[in-house]
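> Here's the letter readout for the chains.
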Amino acid sequence: MVAIIKYNAGNVQSVQYALQRIGVDSIVTDDKATIESADKVIFPGVGHANAAMQYLRERQLDQLIISLQQPVLGICLGLQLMCKYSEEGNTDCLGIFDEKVKLFSTPSTTVHKIPHIGWNNIYDYHSKLFTGVNDNEFVYTVHSYYAALGAATIATTDYIIPYSAALEKDNFYAVQFHPEKSGKVGEQILKNFINIS
Amino acid sequence: MSQEIINELNDPSFQNSLNGTGRGLAKRIIPCLDIKDGRTVKGINFESIRDAGDPVELAILYSDNGADELVFLDITATIEKRKTLVELVKRIAANINIPFTVGGGISSVEDVSLLLQNGADKVSVNTAAFKNPSLLKQLSSEFGSQCVVLAIDTKKESDGEWYVYLNGGRTKTEIKTIQWAKEAVALGAGEILLTSMNNDGTKNGFALDITSELSSSLPVPVIASGGAGSMEHFKEVFNTGKADAALAASIFHYKEIEIQALKKYLSVNNISVRL
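Which chain is which? The protein sequence lines are A and B, in order.
The numbering of the first sequence is my numbering, which starts it at 1 and goes up by one.
The numbering of the second sequence is my numbering, which starts it at 1001 and goes up by one.
Treat the hints as calculated values from the structure; they're not laboratory data.
Quick reminder that beta carbons are idealized off the backbone N, C-alpha and C, glycines included.
Worth double-checking, as some hints may not be accurate.
Stated by the list, open to error - Beyond 10 angstroms from chain B on every Cβ pair, some chain A residues (computed):
#1 D25
#2 V133
#3 S197
As the list claims (entries may be wrong) - Heads up, simulated DSS-like pairs for lysine-lysine below, C-alpha to C-alpha not over 27 angstroms straight-line:
#4 K6(A) x K1182(B)
#5 K1255(B) x K1242(B)
#6 K1255(B) x K184(A)
#7 K1264(B) x K1203(B)
#8 K1235(B) x K184(A)
#9 K1182(B) x K102(A)
#10 K184(A) x K1090(B)
Isolated chain A, as found in the complex (with noise of 0.2 angstroms):
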């Protein structure tokens, strides 16, 4: 079973459904003894950074989540949280990572848009949560902060500079992009860390 975590920020339902789609069950649930016990974790979320640590500390999520020893996949603001630092509201965020989150800066010069939405490629993949997918494939993606590279850095997008577009440390995943809006690239990927073993 996969537990798919509840908090208060948006966009759990859709996770859901690709699950579904490629045959896992999963539960979205914030009950502590069901998310310790699930085979995998999936740690979603669109929304502000702050506002959700803050209610993930309020109910002692925050320490469940780091302890945690099965594969667990942040999305989104889920990698974002997962990292030290975000600069979305001065928020100390997880810390599982080191990298820290930025918002993204517009050189005068360019003509790139924040919010980075649409599909952006993403490539020099080092997990085996990319095993299938080919360099350059494109993936669906809505932030206005990112993660920089760094050590835990294991896929690159380049949208204005280039950033982490996942990461991964010890039993701890993430992507920056949605894999469960993001056709049949995004569902190898699911599918990818529903293998790991």
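Fit chain B to the known structure of chain A by using the hints.
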């Protein structure tokens, strides 16, 4: 990742080399489906699907053919029947693996909350936001501007200026489109869906001037709509119109243009698309 590679990627000369490689953020192709009472309005005969009146079957077909996103525009008149829209949104979310926007008659935070909870990725608002601009602020602070699309129906008048029209194009306003778009973005609209009434249905191409004006002066993506008749029109709207995405209904619906072929054409013409 090693520090050496990180330094190399962060080097400005590397970043400059990325321009023009046909990668980066892709231009989006978005089919639009008109929905009435839970069914697609224009029932077309697609051999590959059983029921072309079923929005879900059509959505899956478009998604399999390479659509980057879908827009469902509900034109159901009565509030009673709008309940079928929520059921439909649930089915769409369960069945397709690309993002989708729902629009048509949305006027409150409650409407939006219900649609997002049931799996819509974004909502589009039009007349209600113009009449009550604080709706944009409420929606963006409640749900984030990434899910708030402002739809504008616009028409170029004899004075050469583009004006905002309401109620599906039936009501003229005295407000210029650029002015409303800027105000809306400041209030929290995360994307603009711009439909030119002069071009809609003509198949003579998109309104390049107003699309380019909006796209160049707004910090959010602009989706161009109205007038698509050929693959070249899409090339023009991305190159000259500087659109971030292009939306069309009938040419995809009547299979005058296949999405996959369109994207290959754009790719050959050095426009970054997801193939």
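> State for each hint whether it applies.
Quick rundown of the hints versus the structure:
1. D25: holds, 14 angstroms
2. V133: holds, 14 angstroms
3. S197: holds, 25 angstroms
4. K6(A) x K1182(B): Violated, because 36 angstroms separates the two Cα atoms, which is more than 27 angstroms.
5. K1255(B) x K1242(B): Roughly 25 angstroms between the alpha carbons, so the hint for K1255(B) and K1242(B) holds.
6. K1255(B) x K184(A): It holds: about 23 angstroms lies between the C-alpha atoms, which stays within 27 angstroms.
7. K1264(B) x K1203(B): This hinted pair holds, its Cα atoms lying about 21 angstroms apart.
8. K1235(B) x K184(A): Roughly 26 angstroms separates the two Cα atoms, so the pair holds.
9. K1182(B) x K102(A): Answer holds: K1182(B) to K102(A) is near 26 angstroms, not above 27 angstroms.
10. K184(A) x K1090(B): With Cα atoms ~20 angstroms apart, K184(A) and K1090(B) stay inside 27 angstroms; holds.
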